[in-house]
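Novice: What follows is the residue order along each chain.
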Amino acid sequence: MTDKQNKDKNKQNPSIDRRDFLQGLAATPVLGLFGAALIHEQSVKKKLTKAKPKVVPENLEPLNIAVIGSGAQGQVLIDAMLKLPGLHFKAVCDIWTEYNLKRAAGILKRYGHPVNRYIDYRDMLVREQDLDAVVIASPDFWHADHAVACLEAGLHVYCEKEMSNTLEGAHRMVMASRKAGKLLQIGHQRRSNPRYLHCYDKLIREAKLLGRMTSVNGQWNRAVQPDLGWPEKYAIQPDILRKYGFDSMHQFRNWRWFKNLGGGPIVDLGSHQIDIYNWFLKARPKSVLASGGTDYYDPAAHEWYDTVLAIYEYETPAGTVRAFYQTLTSNSSEGYFENFLGDEGTLHISESSNRGGVYREPNAPQWDEWVRLGYLSAPEKAGTQATSAVLDVRETIAPDRHDIPIVFTDPYHMPHLENFFNTVRGLDTLNCPAETGYETAVTVLKVNEAVKAGKQLAFSEQDFLI
Amino acid sequence: MQIKESQKLQTCALVILRILIGWHFLYEGVAKLLKGNWSAAGFLSQSKWILSPVFQWMVSNETVLNLVNQMNIWGLILIGLGLITGTFTRIAAAAGMALIFLYYLCNPPLAGLFYSIPSEGNYLIVNKNVVEMAALFVLIVFPAARNWGIDHILVRMFRRS
Ligand SMILES: NC(=O)c1ccc[n+]([C@@H]2O[C@H](COP(=O)([O-])OP(=O)(O)OC[C@H]3O[C@@H](n4cnc5c(N)ncnc54)[C@H](O)[C@@H]3O)[C@@H](O)[C@H]2O)c1
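Same order as they appear, the protein sequences are chains A and B. Numbering of the first sequence is given in numbering that gives the first Met the number 0, commencing with residue 0 and proceeding in unit increments. Numbering of the second sequence is given in numbering that gives the first Met the number 0, commencing with residue 0 and proceeding in unit increments.
Where hints are given, some of them may not hold.
[Said to hold, decoys possible] Sample of chain B residues facing chain A (criterion: CB under 8 Å; computed from the structure):
| id | residue |
| --- | --- |
| 1 | L13 |
| 2 | L16 |
| 3 | L25 |
| 4 | G28 |
| 5 | L32 |
| 6 | W56 |
| 7 | V58 |
| 8 | L64 |
| 9 | G85 |
| 10 | F87 |
| 11 | I90 |
| 12 | H151 |
| 13 | R155 |
| 14 | M156 |
The hints are simulated quantities; they were obtained by calculation from the structure and are not laboratory data. The structure presented is a predicted model; accordingly, all values stated were derived computationally and were not measured. Don't be surprised by glycine CBs; every beta carbon is placed ideally from N, CA and C.
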């Protein structure tokens, strides 16, 4: 023992010697082990939930942008864009000047973006000379004219879905984008959602967890909703409404339900999810069969079908896939989701609040390795609830459920907008370019035709090409 | 010589048992702490059997629930640290028994009671909680930290001063 230690020992307690100390502390190194194990565990967990690295804001090229259509969705997009670095809002265009335009411009001003206000998009394009890109969230029947005008003015365009309410319009948009050599991104925002990207890139393509996909189903069911109204004192003058294609304030607010303005729920809601069918199956449908009608609401004010059930047939390299889609507007059971079913597994996914899961078929190879690699969460055992019923020998055991290990908490549209702006800056490629939006428009608009025809309609490869 | 060898082995077994149970407690506590938003509400609210009104009351009162959550998390951590390092081992083991006993009372595996949180095994009256409780009892009645734990130092300091 050294002198110092001796001294310490004498000061504290003469009876405790070095041996006692060591013996007493013998178990404490276990805490170090525990700490190391914990740090390792935390780093594994972090790796599983880490999104792809973001570009450093400092070296982002600033972009000047304008918004056309600052209604409900325009506001949602503005809110998401305000969270993105490097954007300067220069102008907002909306025909509801006293209401939506005022509100959006007011909010932007509060966030340090004093914007010029326009009622007419042509006027805006003439006067605003230093724009880089325009974000369009006007009603569907305006998308083609708005987008084409912006592209021809040499601006990049982010345009909300549905690309257009007519194929002719969608076609014009693709051509304008090609001719101008400018970007056109369509607002199917799930295409940039990190959870959907993980499912497609990792689970379906790389790990092939579903095996051979045989069927898809999905839905968007919504509860009964009254028609949209408006504060009487902010009603738009009839001549202005007519100039911009609306017969009345009622039509202006509820354009989705009218034949020449929107496409009804199947286009409004279905296009988001049917777009995912095309994407995840990496295919275009061969045919569609559909049934629908205005069964619940007043047909005079709801020209499009309030209820639609559709079945697509896809030919994929692995074989036929049948895909069902339903949209109800009189019952909200189960909300909205997409299910992809294969002979080795099922993927359940929804944009709504991180809902989703992957289920392994009993005959599929083990997924332990994918769990270890962080592609999936560890399985939750299927319910072993006591039941008095006798298990039928032909019944397969319920598969284990795995969580999709990506948690997404940003505003839904933020990554898709970010993908667009980063592509404008040359840092990325579009997740939903014009051609993809066009394919989806071809796929979805056909459902309304099939309902009307009352029979199965075929697609030709030619339909999807421009 | 024979006797001494077997005694050494016995002590060794006790120390291992103590450390393993301590590890389990510590991690249960730390994991809940790291989760940030962990709450006992789910576990408590599905309480069955005669004490269920008490546990339901804890859930229904936010202040009480918060207190229960904090006490549970820090209780687990302190008991875990105590057992691993062998500090106040008997007190830690007794506290551990009490805590587990509460879990057991909240959701005992008795015939006719079904829980929505599935357990990973099959139990009737005796479950792993009861076994861990019994193991802690062993740690109390045998000298599990007298030689290989901070208690060894504490005892010595205490005795003389
Ligand atoms: N991606 C999504 O999740 C999502 C969600 C909702 C809506 N959308 C899409 O966003 C678009 C807008 O939908 P919404 O719900 O905001 O509708 P909305 O009726 O609330 O808003 C439309 C806005 O466009 C304005 N407008 C109409 N014609 C115009 C014109 N010619 N020039 C300038 N402004 C004009 C209106 O005054 C109104 O403020 C639609 O294409 C819709 O399909 C997408």
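Novice: A separate judgement is required for each hint: does it hold in the structure or not?
Specialist: Results of checking the hints against the structure:
no.	hint	result
1	L13	violated, 11 Å
2	L16	violated, 12 Å
3	L25	holds, 6 Å
4	G28	violated, 11 Å
5	L32	violated, 11 Å
6	W56	violated, 28 Å
7	V58	violated, 23 Å
8	L64	violated, 24 Å
9	G85	holds, 5 Å
10	F87	violated, 13 Å
11	I90	violated, 16 Å
12	H151	holds, 4 Å
13	R155	holds, 5 Å
14	M156	holds, 5 Å
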